[in-house]
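Asks: Just so you know, the protein sequences line up as chains P and H, in that order. Residue numbers 7 to 160, in the working numbering, belong to the letters of the first sequence in order. Residue numbers 7 to 747, in the working numbering, belong to the letters of the second sequence in order.
Keep in mind the hints are simulated off the structure, nothing from the lab. Please read all numbers here as calculations on a predicted model, not as lab measurements. The beta-carbon is built from N, C-alpha and C at its ideal position, and this holds for glycine as well. A portion of the hints provided could be inaccurate.
Derived coverage of chain P by chain H (criterion: at least 3 residues anywhere in the stretch with Cβ under 8 Å from a Cβ of chain H; other residues may be distant) [stated by the list, open to error]:
1. 39 to 47
2. 53 to 65
3. 70 to 83
4. 87 to 97
5. 118 to 129
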Amino acid sequence: MIVELTVNGEPVTARVNHPGSLLDLLRDDLGLPGSKSACEQGECGSCSVILDGALVCSCLVLAADAHGSAVTTVEGISEPGALHPVQEAMHRAGAVQCGFCTPGIVVAAADLFAVNPHPTATEIKEALAGNICRCTGYGAIVRALEGAEIVADR
Amino acid sequence: MSTRTGRKVGTPQGVVGTSPLRPDGIPKLQGRFEYAQDLAAEGMLWAATVRSPHARARIASIDIAPALAIGGVHACLTADDVPGRATFGLEHPDQPVLAAQEARFWGEPVAVVAAEDLDTARRAAAAIEVGYEPLEALTDPEEANRRDEVFRRMRIRRGDQSVRGAVVVEGEYEVGMQDQAPLGTEAGLAVPDGQGGVDLYATSQYVHVDQEQVVASLGLRPDQVRSHPTGIGGAFGAREDVNLHIHLCMLALHTGRPVKMVYRRSESFTGHVHRHPAWLRYRHEADRDGRLVRVEASVVLDGGAYASTTSAVLANACYFAVGPYTCDSVAVDGVGVRTNNPPCGAMRGFGAVQVCFGYESQMDRLAHALEMDPLTLREINALETGHPLATTGQVIQTPLPTVEVIKSLQAMPLPEAGPSDLPTELPGGSGLTSEPQHVTRGVGYALGIKNLGFSEGSDDYAQARVRITDSGAVVETAAIEVGQGLVTVLAQIARSALGISHVEVAHVDTSKIDSAGSTSASRQTQVSGGATLEAAQRLRERILGQFDGDVLDDEGVWRGDTLVTPWTALAAGDWEETVTFRHPPTTMTDDNGQGVAHADFAVAGHRAVVDVDVELGLVKVLRVDTAQDVGLALNPQSVRGQIEGGILQGVGLAVMEELVMGEGVILNPTFTDYLLPTILDAPEVEALLIEQEGSWGPYGAKGVGEPPTISSTAAVAAAIRAASGREIERVPVRPQDIALP
Ligand code: FES
Ligand code: FES
Numbered sequence: 007m008i009v010e011l012t013v014n015g016e017p018v019t020a021r022v023n024h025p026g027s028l029l030d031l032l033r034d035d036l037g038l039p040g041s042k043s044a045c046e047q048g049e050c051g052s053c054s055v056i057l058d059g060a061l062v063c064s065c066l067v068l069a070a071d072a073h074g075s076a077v078t079t080v081e082g083i084s085e086p087g088a089l090h091p092v093q094e095a096m097h098r099a100g101a102v103q104c105g106f107c108t109p110g111i112v113v114a115a116a117d118l119f120a121v122n123p124h125p126t127a128t129e130i131k132e133a134l135a136g137n138i139c140r141c142t143g144y145g146a147i148v149r150a151l152e153g154a155e156i157v158a159d160r
Numbered sequence: 007m008s009t010r011t012g013r014k015v016g017t018p019q020g021v022v023g024t025s026p027l028r029p030d031g032i033p034k035l036q037g038r039f040e041y042a043q044d045l046a047a048e049g050m051l052w053a054a055t056v057r058s059p060h061a062r063a064r065i066a067s068i069d070i071a072p073a074l075a076i077g078g079v080h081a082c083l084t085a086d087d088v089p090g091r092a093t094f095g096l097e098h099p100d101q102p103v104l105a106a107q108e109a110r111f112w113g114e115p116v117a118v119v120a121a122e123d124l125d126t127a128r129r130a131a132a133a134i135e136v137g138y139e140p141l142e143a144l145t146d147p148e149e150a151n152r153r154d155e156v157f158r159r160m161r162i163r164r165g166d167q168s169v170r171g172a173v174v175v176e177g178e179y180e181v182g183m184q185d186q187a188p189l190g191t192e193a194g195l196a197v198p199d200g201q202g203g204v205d206l207y208a209t210s211q212y213v214h215v216d217q218e219q220v221v222a223s224l225g226l227r228p229d230q231v232r233s234h235p236t237g238i239g240g241a242f243g244a245r246e247d248v249n250l251h252i253h254l255c256m257l258a259l260h261t262g263r264p265v266k267m268v269y270r271r272s273e274s275f276t277g278h279v280h281r282h283p284a285w286l287r288y289r290h291e292a293d294r295d296g297r298l299v300r301v302e303a304s305v306v307l308d309g310g311a312y313a314s315t316t317s318a319v320l321a322n323a324c325y326f327a328v329g330p331y332t333c334d335s336v337a338v339d340g341v342g343v344r345t346n347n348p349p350c351g352a353m354r355g356f357g358a359v360q361v362c363f364g365y366e367s368q369m370d371r372l373a374h375a376l377e378m379d380p381l382t383l384r385e386i387n388a389l390e391t392g393h394p395l396a397t398t399g400q401v402i403q404t405p406l407p408t409v410e411v412i413k414s415l416q417a418m419p420l421p422e423a424g425p426s427d428l429p430t431e432l433p434g435g436s437g438l439t440s441e442p443q444h445v446t447r448g449v450g451y452a453l454g455i456k457n458l459g460f461s462e463g464s465d466d467y468a469q470a471r472v473r474i475t476d477s478g479a480v481v482e483t484a485a486i487e488v489g490q491g492l493v494t495v496l497a498q499i500a501r502s503a504l505g506i507s508h509v510e511v512a513h514v515d516t517s518k519i520d521s522a523g524s525t526s527a528s529r530q531t532q533v534s535g536g537a538t539l540e541a542a543q544r545l546r547e548r549i550l551g552q553f554d555g556d557v558l559d560d561e562g563v564w565r566g567d568t569l570v571t572p573w574t575a576l577a578a579g580d581w582e583e584t585v586t587f588r589h590p591p592t593t594m595t596d597d598n599g600q601g602v603a604h605a606d607f608a609v610a611g612h613r614a615v616v617d618v619d620v621e622l623g624l625v626k627v628l629r630v631d632t633a634q635d636v637g638l639a640l641n642p643q644s645v646r647g648q649i650e651g652g653i654l655q656g657v658g659l660a661v662m663e664e665l666v667m668g669e670g671v672i673l674n675p676t677f678t679d680y681l682l683p684t685i686l687d688a689p690e691v692e693a694l695l696i697e698q699e700g701s702w703g704p705y706g707a708k709g710v711g712e713p714p715t716i717s718s719t720a721a722v723a724a725a726i727r728a729a730s731g732r733e734i735e736r737v738p739v740r741p742q743d744i745a746l747p
C-alpha cells in the first residue's frame, strides 16, 4: 500500500510492501537510520519517535498505521545546524558512549522537556524508564538532563 | 619568518588529564553516526542464517532446493561451500563455520542465504529443509568433567601444602550465565572487490583477528581481505569472536554482490559467546589474628560447545581465585568443560568476576567467624606492591593501592538510615509491592583485582601511526572504539606528546596498519596509547631536529621567538611515525601454575547499600560507591563513565541478568525476558579515583574498563546477605533465594 505521512515536517510517500514497522519504514525506506533497532519488541526505546505528539516505540507501530500521521525522529528533533538543549547537555556531560541508545534517549528526553522544562531527577528517571543504555550506567545521562534547563534558559 | 611577540608557547587544548568532548558525540546525538546496522551499498543483498533448533543433533540432510526456488534468492550455502578451513576460533579453530555432520549447540549456524531483500532472505532460510536426528545433549558440567570433556585443566600449587589455620570457613558458590547484551546487535556488510577479494565492515572488537579467520576459511591470500573498523553499539566481550564475518564474505564472493546481515535480538543472544557460568568451592584458613594462611579453591566453568577463549578465561579465574590478598599456601584446581550449552568466552572481567563472588563471600564468612570487621580483615591481608600474587607467586611491580582503596571505602559517608518515603524507591519499584516497615537495609563490601593486558606469554602488541596533516595530526589505528572513548584518549595522548591541539583519530582497515590487538582486557589505553605516545614523541623529536627548533605548536616549529617552519611547510613534507608497542613480557606458568603470567594489575573496591523486602524477596540497590585504582586518569569524565557503566553491569549480574538454560536451550533470549538494568534500577554512584602513576601505561595510565565489574556484583550480594540474613551463595540473587531459601 501507499503510506503518506509527514516526517520531520516534510510530507513523504512510501510504498510499503512489507508487513513492517514504522521503524523499518524510517530506516530502510525513508533513509533515516537515526532511529535504532535493538530489540524490535518495545523493550529498549532505541527506536523512540514522536508520533502525532506522543512518544512511541516505532518498532511497535505498523508502518501502515502511520498513514496520515506526523512523525518526528531524532533527525528532526532540533533545528538544522543546531543542537537541542538535551543534545548539548548530554554531549557536555559525557552521556554518550557507544551511542546506540542515544537517539532514543534524545527523543524521549526532548519529549519530557517539551512538557516539563524543569524536571527533577525522579521525573527524568521515570521519563527514561523505557530506554535501555548498556554503556553509561545512566549516571551521566541524569546529570546531563538535571542541568539541561540551564542550557535551555541560556 | 614570523617572530613571536610577547606570546607564550601555545598551550595545546584537549591534552591528557582533561576531558575534551568526544569527537563522535554530536553525530551520535543527532543520529548521524554510522553503525554497522546502517551500512548500505549499491546492489546490496540481504542475508539470513539457518540455526539448529536442537542442542545436539546429527545433520542427516540439508535440502536447499525449496529456498532456491523462491524468487530473489541468490545463494544458499552450507558447510560444503566453505572454500577454505572449515572451522574458526580465537584460540583453537574448533568451531565449524557452518555445522556439517553434527550441530552441537542450540542456535548453531547450519546454512546461510542471500536474497534481494530481508523478508525474502528470512523466508528462504525458513524454507531450507534440514534433516536433524536429535542426539542426547551433554548439558551438565559435572558430567562433562567426569567424562573428561574439557578444554583445559588448571592446577596451581604454591607454598607448603600442609599449612593449616585455626579458623576455617568453607563455601560453595554459583554464578549464572550473563550476556553482554550490547545494544547494537551483530551486523555487517561484505563487498566483493571484483578481483576475488573482499572488504568487510562488521561489528568487531578486533579486526585483524577477524581478517585472519576470514582469510583462512575463504582460502584467500591475506592481501585479498580487508576488515574495516565500523561503528558498533557496545561490545563488552561479545565481539571478540567471529560470528557473521565469514558467512558474509562467503556470500559476497559467491554472489558477486555486496551482502548485508543484521542479527535480530534473539539471534544475537545465540550469535555471540556469553560470560561463563561458574561453580566454585572454597576453603579459607586463617590464624586467630585474621591472617590468611591457606586457601583452597576449585573452579568449574562451562565453556559450552566450542573453545572460544575458555582456556584463557579459566586461567584468569584461577590466577585471581584468592583475590587481592596475600597468602603463602594455596591450591587451586580449575576446569573449563565442553558441553552442548551455548559457547562461552569473553565478557568484561574475563573470569575474575566469577571468582570474586566466591572469594569475597568467603572473606565475609571468615570475618564473621573471627568476629572481625570485614574491611579490617581485608586490610590485614591486602596484596600490595612488592608482594607475590597468592596464586602464581608473581611479585607485583605496579603500584597497587589496595589499602588506600579499603581506607577510602571506609571513609565514604553512608546514606541516611531507613527506606525512602518515595514508593518508587522501595524494592519492587513502581510495582508498589513493598511496605516500608517490611524493608531492611544492608551494606556490603567487596574488593577485586584484574590483570590489564593479555597474559600467559601472548605476544601482546599494538601498532599506531601518527601523521602530520594540513590541519594538525592524525593518529591512525585499527583499534576499535566500542564506546569507551578510545577515539578521545588517543588524540589526547598525541596532543600532549606533540604539543599541538589539532589531532584526530582515524580508524583504518587491516591493510593500512598492523594489528592493535583486541579492544579487551582493559588494554587499549595502555597498549595503543603506548604506541601513540611513542610515535608522537619520535615524530616531534625528528621534526625539531630537522629544523633545529625547540618548540612545536599549532603554528609550526619555533626557534626561540622565531617561527622557523610554519605548519603549511610541515604539512607539505612527509612526516609520519609508526610504532609497534609491546608491554613487559609475560610467560606461560609452569606445572604448578607459577610464573609471571600478567603484565599489569589494578584493584577496585565497592560498597553497596541495598534495601530488601525479605518476605517478597525483592531488592533495591540504592548505592554502589567505589574507590578504584586507575593509574593517572587521562580523561576523568571517560573514567567515570567506565566506572558507572561497569558497576551497573555488575549490579545486573547480582540481581537480574541471567540466561536461563533448559537442556541446552536458552529460555529467555529477548529483552522482555533477559532483564537489563533500567535507569530506575541504577544505583547512585560515588566514585573515588585513586591516582598513582602506573608503571608502563602512557602518562601513568592504567586500564579502567573492567575493574568496575569485578567486585560490584560481590558487594551487592554481600549487602543482600547483610539485609536478609540469607547465605546468598548464588548470583544473580533471585526472589526465591531470599524469600524461600
Ligand atoms: S527497538 Fe523498539 S523498543 Fe527496542
Ligand atoms: S551509550 Fe551505549 S547503549 Fe547507551
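Asks: Evaluate each hint against the coordinates.
Replies: Going through the hints against the structure:
Check on the region 39 to 47 of chain P: 9 of its residues sit with their Cβ under 8 Å from a Cβ of chain H, so the three-residue criterion for coverage holds. Counting residues of the region 53 to 65 of chain P whose beta carbon lies closer than 8 Å to any beta carbon of chain H gives 0, which falls short of the minimum of three for the stated coverage. Remark: the region 70 to 83 of chain P is confirmed as covered by chain H, as 3 of its residues place a Cβ nearer than 8 Å to a Cβ of that chain, reaching the required three. As drawn, the region 87 to 97 of chain P meets chain H at 4 residues by the rule of a beta-carbon pair under 8 Å; at three or more, the given contact holds.
Chain H is given as covering the region 118 to 129 of chain P, and this is violated because 1 residues of the stretch bring a CB closer than 8 Å to a CB of that chain, at least three being needed.
Consistency with the previously given hints fails for numbers 2 and 5, ordered from lowest to highest.
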